[in-house]
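Which chain is which? The protein sequence lines are A and B, in order. Here the first sequence stands for residues 240 to 623, numbered as in this note's numbering. Here the second sequence stands for residues 240 to 623, numbered as in this note's numbering.
FYI, nobody ran anything at the bench for these hints, they're computed from the structure. Any given hint could turn out to be false.
One copy or two, it doesn't matter: identical chains are merged, so the pair holds either way.
Straight-line alpha carbon distances no greater than 30 Å define the calculated DSSO-like cross-link-like pairs of lysine-lysine that follow [unchecked claim]:
#1 K278 <-> K305
#2 K278 <-> K584
#3 K330 <-> K605
#4 K246 <-> K588
#5 K278 <-> K585
#6 K585 <-> K330
#7 K498 <-> K396
#8 K305 <-> K246
#9 K614 <-> K379
#10 K614 <-> K246
#11 K246 <-> K278
#12 K330 <-> K278
#13 K618 <-> K246
#14 K305 <-> K498
#15 K408 <-> K483
Number of protein chains: 2
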Amino acid sequence: MDQNINKRIGILGGGQLGKMLCQAGSKLGLSIAIMERDKTFPAYPICSNWTDGDITKYEDVIAFGKDKDVITIEIENVNLSALEALEEMGKEVYPPTDALKIIKDKGLQKTFYEGLNFPTSDFTLFKSKDEIIKAIENKKLSIPFVQKSRTEGYDGKGVHVVRSEDDLKGLLDTQSVVEDLVDIKTELSVIVARRPNGEMSYFPPVEMEFHPTANLVEFLFSPSMLEHYIQEKAINLAMLVAQKLEIVGLLAVEMFVTKNDEILVNEVAPRPHNSGHHTIEACDISQYEMHLRAILDLPLINATLIRPAVMVNLLGEEGHSGTTLYSGLTEALQTAGVYPHLYGKKETKPYRKMGHVTIVNADIDKAKNIGHHIKNTLKVIAQT
Amino acid sequence: MDQNINKRIGILGGGQLGKMLCQAGSKLGLSIAIMERDKTFPAYPICSNWTDGDITKYEDVIAFGKDKDVITIEIENVNLSALEALEEMGKEVYPPTDALKIIKDKGLQKTFYEGLNFPTSDFTLFKSKDEIIKAIENKKLSIPFVQKSRTEGYDGKGVHVVRSEDDLKGLLDTQSVVEDLVDIKTELSVIVARRPNGEMSYFPPVEMEFHPTANLVEFLFSPSMLEHYIQEKAINLAMLVAQKLEIVGLLAVEMFVTKNDEILVNEVAPRPHNSGHHTIEACDISQYEMHLRAILDLPLINATLIRPAVMVNLLGEEGHSGTTLYSGLTEALQTAGVYPHLYGKKETKPYRKMGHVTIVNADIDKAKNIGHHIKNTLKVIAQT
């Protein structure tokens, strides 16, 4: 008998990643409960079961986890001690807390890569802003560099780039990792999956397209245009990192590709990832189903890209705060191969992740052109 | 502004078709409420909103519909008078009640085809079992024939085939349509969609594969192997039927292809259909999203089959009644391109539709082989 699919799954967090996990789970008839603070979160309408609670509070996480079989996360900012206690009670906690502890702290993460000789940019750990200023005065550290808060960083928050002395004013006064600013050609992401028994699989690499003048990610696309051997190297590195972390579930490995084709691990996320949204329509298995299969100890398969894809995040429009409205959606739906995902957040604010659009086309350049058009025409605004 | 996607949708019925409508709606962040009698129905875990009620009761349907903008169905067995009243209140009811009235009654349906000169098998309407017996005695009717109950027929229920005098014992004693038994080569289904403004689109035809010896449908597959011109004819006929019925939403048109390549309309369903399950993974748009787009008056697109597909229904195993268990599921998940959909019905009984499996493969013959294997190995059984 196939009992694994009857396991009671608990997910800490109910954002868009939780929502898309529920969508994938629904096809297999899985029982998925979500803990979040109130009913306004994206996954609420489609999770089988909702528990009101704070994922950062010990008691809440314990109470939620104790009648589940498998506990997983959709965001790293959870109560680690509670997860450790649940693990000790014999619950299956994925990602395992040992891995999560390393990943949650960017200092530990870099030290972990360094200890295993994984290629990563040079770095130093600092306890405070003052320590960084002192290191610069003593010529132990030189501009430019990137400062990353060791914990609580998310979606670009907790990251400060110092290109000139002027930028020193903005230094974060917290425990941080200071990394060399790498001169990169492009960024790659490889999502891999691992079962409790060690079986692994991976998704084809995803590449970032940068705006030609502004240094901003325009969108993600797959397949990557990089030479095959570089992609292979990236996949192997991602698999090795997941293995050494003894991950169960997904691990999204973000990497820099330098101008001389060196690959450096940037950072990892032990859950579904923004760079895997397109897998819903473009691959023969989605990252969400893969994560669920991995944590349920069900067979994994190496994902195949069926159709080239571009993914554009739909961010709340600058200058718009309030009840969510969409403009340009009807037009977007007129083109075959355009898949808007609207997360159902009732309130928009500038740069909030409100949805994403996957564009699939046999011709990747056409997909990119449509992606540009969507970026310019599909807007998330506020009711006036 | 794109306000149509904010419309409050109400679906009468929460079976697997309702569930898959909710899955599709979830991606677009739609607000979907479902009315069903208790919480055990398949769509319950993923609909945004559930109303306890009986879809065949006038008061329940009115109460459910009056705070919705658009009301649709996932099964024809609903209270028609209530829907007519909601239509009069200015609610958008799709399929329109005029079309639903014709479709719900197989006698009216056949008369409708006849009146418009649509090709369909010859038929006679009867009021009772006795009338049929009398017609045979008077040589006005001859064996073999098929008797179909005018109303309440579903999933093979309400259909009785008479091949010999012996079969007359099993005649249904109800108002019925008696049709010629057509000597068919194969059966086709074409699903079309229509918006309130008359814009239409269609899905590629789906063909039925019959068991070589037993006269049973083994599975559905697409693309059809029939000559292109026959498929074109079928698509055009399906579009015309939907147009004449002034359908809004989906119309699944089931057709017989006779041994001399004549196409006869068999029957239609004004909603998502079993023959469109594969569109979730095999087409660039699913029948579920297409139905939602049509009833929300959003753009339709002609669906393209991306990958050949085979669909196998997962029926409750004979001799098994009780708490649902799956056998062979883990094995099924080992093959790429195999997509089990488990409806989440807690209780199984013989022949109950418990799920389906879509098999997608660049090689349709490989897909069929996998389909056969799945049919023999993936079983829905009861806990002992």
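Hints, one by one, checked against the model:
1. For a Cα distance limit of 30 Å, the shortest separation of K278 from K305 qualifies both inside one copy, at 22 Å, and across copies, at 24 Å.
2. Both within a single protomer and between protomers do K278 and K584 lie at most 30 Å apart by alpha-carbon distance, with minima of 11 Å and 26 Å respectively.
3. With identical chains, the CA atoms of K330 and K605 are never at most 30 Å apart, being 47 Å at best within one copy and 41 Å at best between copies.
4. Taking the closest pair of Cα atoms, K246 and K588 come within 30 Å of each other only across two copies (22 Å); inside a single copy the shortest separation is 37 Å, beyond that limit.
5. Within a single copy, K278 and K585 get their C-alpha atoms as close as 11 Å, and across copies as close as 27 Å, so both meet the 30 Å cut-off.
6. For the homomeric pair K585 and K330, the shortest alpha-carbon distance between copies (25 Å) is at most 30 Å, but the shortest distance inside one copy (35 Å) is not.
7. Taking the shortest alpha-carbon separations for K498 and K396, only the intra-copy value of 26 Å comes in at or below 30 Å, while the best inter-copy value is 68 Å.
8. Proximity of K305 to K246 under the C-alpha cut-off of 30 Å is restricted to the intra-copy arrangement: shortest distance 13 Å within a copy versus 39 Å between copies.
9. Taking identical chains as interchangeable, the C-alpha atoms of K614 and K379 are never at most 30 Å apart, the minima being 43 Å within one chain and 68 Å between chains.
10. Taking identical chains as interchangeable, the C-alpha atoms of K614 and K246 lie at most 30 Å apart only when they sit on different chains, with a minimum of 25 Å there against 40 Å within one chain.
11. Within a single copy, K246 and K278 get their C-alpha atoms as close as 24 Å, and across copies as close as 20 Å, so both meet the 30 Å cut-off.
12. In this assembly of identical chains, K330 and K278 lie within 30 Å of each other by CA distance both inside one copy and across copies; the values are 26 Å within and 28 Å between.
13. Taking CA atoms no more than 30 Å apart as the test, K618 paired with K246 passes between copies only; the shortest distance there is 19 Å, against 40 Å inside one copy.
14. Taking the shortest alpha-carbon separations for K305 and K498, neither the intra-copy value of 49 Å nor the inter-copy value of 63 Å comes in at or below 30 Å.
15. In this assembly of identical chains, the alpha carbons of K408 and K483 never lie at most 30 Å apart, being 38 Å within a copy and 71 Å across copies at closest.
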